[in-house]
Amino acid sequence: MTDRAPQPLTAAANPPVQPLESNLLPSDVVRVSATKDVPKPDRQLTEVAKLIDVSKCIGCKACQSACIEWNDTHPTVEENVGVYENPHDLTPDMFTLMRFTEYENPETNELEWLIRKDGCMHCEDPGCLKACPAPGAIVQYSNGIVDFIHENCIGCGYCVTGCPFDIPRISKTDHKSYKCTLCSDRVAMGQGPACAKACPTQCITFGPKEEMKKHAEERIEDLKSRGFEHAGLYDPQGVGGTHVMYVLHHADKPSLYAGLPDEPAISPLVREWKGPAKTVGLAAIGLAAVGAALHGLFGRALEVTEHEEEEAQELVDETTPGAPADKGDA
Amino acid sequence: MARRKFSAPGDEIETRHPVIVNRYRGFTRVNHWITAACMIVLLLSGFSLFHPDLFFLTKLFGGGQNTRWLHPIVGVVLFFSFVGLFVQMWRLNLPRKEDVEWTANLPELVLKGDESKMPELGKYNAGQKVVFWGMSVMIVVLIVSGVMIWEQFFPKLVPIPVRRIAVAVHAFAAFAVILIFIMHVYAAFWARGTISAMTRGTVTGGWAFKHHRKWLRELAGRSDGGSAK
Chain A
1 MTDRAPQPLT
11 AAANPPVQPL
21 ESNLLPSDVV
31 RVSATKDVPK
41 PDRQLTEVAK
51 LIDVSKCIGC
61 KACQSACIEW
71 NDTHPTVEEN
81 VGVYENPHDL
91 TPDMFTLMRF
101 TEYENPETNE
111 LEWLIRKDGC
121 MHCEDPGCLK
131 ACPAPGAIVQ
141 YSNGIVDFIH
151 ENCIGCGYCV
161 TGCPFDIPRI
171 SKTDHKSYKC
181 TLCSDRVAMG
191 QGPACAKACP
201 TQCITFGPKE
211 EMKKHAEERI
221 EDLKSRGFEH
231 AGLYDPQGVG
241 GTHVMYVLHH
251 ADKPSLYAGL
261 PDEPAISPLV
271 REWKGPAKTV
281 GLAAIGLAAV
291 GAALHGLFGR
301 ALEVTEHEEE
311 EAQELVDETT
321 PGAPADKGDA
Chain B
1 MARRKFSAPG
11 DEIETRHPVI
21 VNRYRGFTRV
31 NHWITAACMI
41 VLLLSGFSLF
51 HPDLFFLTKL
61 FGGGQNTRWL
71 HPIVGVVLFF
81 SFVGLFVQMW
91 RLNLPRKEDV
101 EWTANLPELV
111 LKGDESKMPE
121 LGKYNAGQKV
131 VFWGMSVMIV
141 VLIVSGVMIW
151 EQFFPKLVPI
161 PVRRIAVAVH
171 AFAAFAVILI
181 FIMHVYAAFW
191 ARGTISAMTR
201 GTVTGGWAFK
211 HHRKWLRELA
221 GRSDGGSAK
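First to last, the sequence lines map onto chains A and B.
Per UniProt numbering, the very first residue in the first sequence carries number 1; after that it's consecutive.
Per UniProt numbering, the very first residue in the second sequence carries number 1; after that it's consecutive.
Okay, chain B solo, but in the shape it has when bound (with noise of 0.2 Å):
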């Protein structure tokens, strides 16, 4: 069997006619969507107690204890979930060259639409390699901030000092993450076809073909590209 070069395992094309790929197996998806609901709860409970404003959040979580309780042992569990994602998704999320022409006619694609410059692509394009690394950065610096300032377990373990940078490095991180995050549910709206990677695990050929085309040749040449359905 050929080495896999634009694609991750599980990847193939799962019926010829009409053509439907197979993008994110029920384990990834799984892992995905379990990320994407402790980040949603992050985003909430954390919102709550950034600013005054949103503290009426916290009645969602029954009130600023829970709140305060539940908001790092959400992150923990975010945290590992992540891992899982890392470790499937990484490889594929290397810079390649054609990184650099797609960013450079980006301003093309967002203003009017038009991909018809953009280079072929592997299983991801330069926008997509940002929010993963901006993510994967991203909640590093959550998890070790947070756990710096988790009051309930760990009061201790930083002085002071420390405290108040973990604090304040923390709600940035957490900035970040939200741009990040608004970004990416965008991008899987604006690309029509996106979201079905993610619910029933497949894209049609043609989103295939226009956005991820070496990723769609790959598994067209591959022998167990679709073999079997």
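This is chain A alone, in the form it adopts within the complex (with noise of 0.2 Å):
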């Protein structure tokens, strides 16, 4: 019997030579879209993440080429309308993608030319499953990585609706959502996502999420003290934490990376649609049809009588203007 992968430390992890079996398993995951009562895995894997440090980010876009090799994406040779962002958006063919800021800092009178790399987050509490109303579509493993389960996705784009960082994007082709998966496929054979490998200037690293953590404070106080006093972590608790974390050297103010949200978090609305709301009206229409049936069973009937008709008869009689009526029948 071959051995299971190990858990994966480093985006560096090299892949193995002897042939794994898999160490993400079916069992191992904690949330699944539309499905009440998920089995309690029997074994808690190391939490993961991916650090994305943007003051050390170059723009060199290897994380995309990477992510568009590994996930064999063929994403359209679009025009050049004179940004730097290429493709113009994430695609359900480009799960990951160099966003670029220019930004005036009034404070020091300079320009900084900010360089976020986007994708899913991978939230601790994922909107998108949320909202997911095809059991089994998406899910969430013990290690954090939240992943889409093609075959059962219908298409409708709840997830879109439900997720705080605007990133799944529904394929046009065949009718389903695509993001980053943190190349889980990648971490259940024991190595770190494609993109993490390929960074030239470990901009993203990848890890146990403590590990991520800490490495993050030294670059942090790195940061600090090299004048960026409000340098921080974006590892936002409004979604229960995240497994890819930013450094920002901006944490005080988020959203100039493109428009990263100050304090993402499911919204209230869609946690209202997905949340009791739905119970109450599903019992408040069985009431109703119930009370229905029951006003049937044991109600009176408005049955019109004999009386009624005769009555009717009277009234057309009486009238009827003109009377030599139809073929003398009345």
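I should point out that these hints are in silico values taken from the structure, not numbers from a laboratory.
Heads up, the beta-carbon is just placed ideally off N, CA and C, and yes, glycines get one too.
Be aware that one or more of the hints could be misleading.
[What the hints assert, rightly or not] 16 Å max Cα-Cα, derived EDC-like pairs, lysine to aspartate or glutamate:
| # | chain 1 | residue 1 | chain 2 | residue 2 |
| --- | --- | --- | --- | --- |
| 1 | B | Lys97 | B | Glu108 |
| 2 | B | Lys214 | B | Glu101 |
| 3 | A | Lys56 | A | Glu217 |
| 4 | A | Lys224 | A | Asp252 |
| 5 | B | Lys97 | B | Glu120 |
| 6 | B | Lys214 | B | Glu12 |
| 7 | B | Lys117 | B | Glu101 |
| 8 | B | Lys214 | A | Glu308 |
| 9 | B | Lys156 | A | Glu311 |
| 10 | A | Lys56 | A | Glu221 |
| 11 | A | Lys56 | A | Asp222 |
| 12 | A | Lys176 | A | Glu303 |
| 13 | B | Lys214 | A | Glu311 |
| 14 | A | Lys278 | B | Asp53 |
| 15 | A | Lys56 | A | Glu112 |
| 16 | B | Lys214 | A | Glu314 |
| 17 | B | Lys214 | B | Asp99 |
| 18 | A | Lys36 | B | Asp53 |
| 19 | B | Lys112 | A | Glu303 |
| 20 | B | Lys156 | A | Asp166 |
| 21 | A | Lys213 | A | Glu104 |
| 22 | B | Lys5 | B | Glu98 |
| 23 | A | Lys61 | A | Glu104 |
| 24 | A | Lys253 | A | Glu104 |
| 25 | B | Lys214 | A | Glu318 |
| 26 | B | Lys214 | B | Glu108 |
| 27 | A | Lys176 | A | Glu151 |
[What the hints assert, rightly or not] Facing chain A, a subset of chain B residues (Cβ under 7 Å, in silico):
| # | residue |
| --- | --- |
| 28 | Val19 |
| 29 | His51 |
| 30 | Pro52 |
| 31 | Gly64 |
| 32 | Arg68 |
| 33 | Arg163 |
| 34 | Ala171 |
| 35 | Phe175 |
| 36 | Ile178 |
| 37 | Ile182 |
| 38 | Trp190 |
| 39 | Gly205 |
| 40 | Trp207 |
Using the hints, build the complex out of the two chains.
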């Protein structure tokens, strides 16, 4: 019997040379869309995270290329419209995208070129999963990875409605939703995500979430010593923390970075819509149907009596103008 | 020809002995049943996406993907079909003062089946008017909010925050429509002799006398009110 792959500890981990079995099992799932009572997994995987230190990013897009190559997607070649983003946005074939912002810092009067690698944040409390109506189309593993199971996806776009980061994209060809998988298939085999492995500046790192947080601390300290007093970690608690985190030089203003949400959370509307309101609504409908049925069984039906038929006959006979009516049958 | 006040074109006394009254023309009936069929498909497919416990209903339509594209298309068909009904029925559904009296006496009717205190009515009573206007308003709300969340054809129509409102409004309006639908179907069954108005197109004189006497009176008083047959 072959061994299970180790849990990945770094982005640079090389692929194993001997055959190994997947270490990300269906039984490692902790949340499943549109499914109550997911059985508790018999083991807890180490929580992983990808850390993106935007201060080290040089905008080379090697991560995008690695993502395309590993996931075998084929983004369409688009037109250059004079911006650095390429393609223009996340697409069903582009799971990660460098977003470029030119920021004139009013305090220093300097122009800052802020580059952020956009993509799925792998929320601890995923809005996409909450909104999804298709059982099993979105799952969350105990290591924190949120993954779309495409054979169960119906293409309704509710994940788009639920996501606080505007990440999922629905394919126009197969009508299924796509986003970054955190390379769940690589992680299953003990390797870090393709983007992290390709990153030439180690702006993208990967490993156990606790270690990534420690690494971020060092980076933040360094940034602060260089004058970025608001440097900090972006691990938003509104969504329970994320398994993709940023080190930002302006952590007090995340929205500077191409609209990264300042305080992301699942919209209260989505929570209400997907929350107890559904059950209350269904119960009310059931009650109305049962009430009608009971009234039908025990109430008095409005029967037309013989007497009323006679009165109608009288009324018609009396009021009809110009009596020679129809074929003498009156 | 006198102007119609309580009846619609096509309403006429079909035979005088026994009194049989034509309530809905063939066109209106076909229009109604197309709407009804769409409504049932929409209820089942909508329910399947409304609650995970009802997701199994997608099997009726050949799976989740099929349900996802079918639901909005049938919704558009229903909308236009309902517009047909609206154009034919809105005038006689305008509120009138006898609706107040009818509503005041409604508890007697529902609890005891006692219709004796009810005023004489035209083609529709206040309950039917509530169904009509309730459906009219909610169907507009549903088509507008539905297009906003129609991922396949209008993915970028509204920003995501608006989509979140639309999706909640859509579910709420559907909930209201279902309650109105239950009321409508049950009332048609409860008031015996009603369903034939939408199947054969006719009701008995006694039915018209009992429930919509002003309507019957007007038809009886018209010189075309049942001529020729």
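Hints versus structure:
1. B/Lys97 <-> B/Glu108: 19 Å, violated
2. B/Lys214 <-> B/Glu101: 15 Å, holds
3. A/Lys56 <-> A/Glu217: 15 Å, holds
4. A/Lys224 <-> A/Asp252: 13 Å, holds
5. B/Lys97 <-> B/Glu120: 11 Å, holds
6. B/Lys214 <-> B/Glu12: Holds, because 13 Å separates the two Cα atoms, which is no more than 16 Å.
7. B/Lys117 <-> B/Glu101: Roughly 9 Å separates the two Cα atoms, so the pair holds.
8. B/Lys214 <-> A/Glu308: 14 Å, holds
9. B/Lys156 <-> A/Glu311: 62 Å, violated
10. A/Lys56 <-> A/Glu221: Holds. A/Lys56 to A/Glu221 sits at ~14 Å (cutoff 16 Å).
11. A/Lys56 <-> A/Asp222: Status holds; Cα separation ~12 Å.
12. A/Lys176 <-> A/Glu303: Not OK: A/Lys176 and A/Glu303 at ~54 Å, beyond 16 Å, violated.
13. B/Lys214 <-> A/Glu311: Satisfied, since the Cα-Cα distance of roughly 14 Å is no more than 16 Å.
14. A/Lys278 <-> B/Asp53: 11 Å, holds
15. A/Lys56 <-> A/Glu112: Holds. A/Lys56 to A/Glu112 sits at ~13 Å (cutoff 16 Å).
16. B/Lys214 <-> A/Glu314: Holds: B/Lys214 and A/Glu314 sit about 14 Å apart, inside 16 Å.
17. B/Lys214 <-> B/Asp99: Satisfied, since the Cα-Cα distance of roughly 13 Å is no more than 16 Å.
18. A/Lys36 <-> B/Asp53: 9 Å, holds
19. B/Lys112 <-> A/Glu303: Satisfied, since the Cα-Cα distance of roughly 12 Å is no more than 16 Å.
20. B/Lys156 <-> A/Asp166: Given pair B/Lys156, A/Asp166 holds - Cα atoms ~12 Å apart, limit 16 Å.
21. A/Lys213 <-> A/Glu104: The given pair, whose Cα atoms are some 29 Å apart, is violated under the 16 Å limit.
22. B/Lys5 <-> B/Glu98: Satisfied, since the Cα-Cα distance of roughly 14 Å is no more than 16 Å.
23. A/Lys61 <-> A/Glu104: Between A/Lys61 and A/Glu104 the Cα gap is close to 23 Å, so the pair fails against 16 Å, i.e. violated.
24. A/Lys253 <-> A/Glu104: Cα-Cα ~13 Å, so holds.
25. B/Lys214 <-> A/Glu318: Roughly 14 Å separates the two Cα atoms, so the pair holds.
26. B/Lys214 <-> B/Glu108: It is violated: about 21 Å lies between the C-alpha atoms, which goes past 16 Å.
27. A/Lys176 <-> A/Glu151: OK: A/Lys176 and A/Glu151 at ~8 Å, within 16 Å.
28. Val19: At about 5 Å, which falls below the 7 Å cut-off, the nearest Cβ of chain A leaves the hint on B/Val19 intact, so it holds.
29. His51: 5 Å, holds
30. Pro52: 4 Å, holds
31. Gly64: At about 3 Å, which falls below the 7 Å cut-off, the nearest Cβ of chain A leaves the hint on B/Gly64 intact, so it holds.
32. Arg68: Constraint on B/Arg68 satisfied, holds at 5 Å.
33. Arg163: 5 Å, holds
34. Ala171: 6 Å, holds
35. Phe175: 5 Å, holds
36. Ile178: 5 Å, holds
37. Ile182: 5 Å, holds
38. Trp190: This hint holds: B/Trp190 lies near chain A, its Cβ roughly 6 Å from the closest one there, short of 7 Å.
39. Gly205: 3 Å, holds
40. Trp207: Since chain A brings a Cβ to about 5 Å from B/Trp207, closer than 7 Å, the hint holds.
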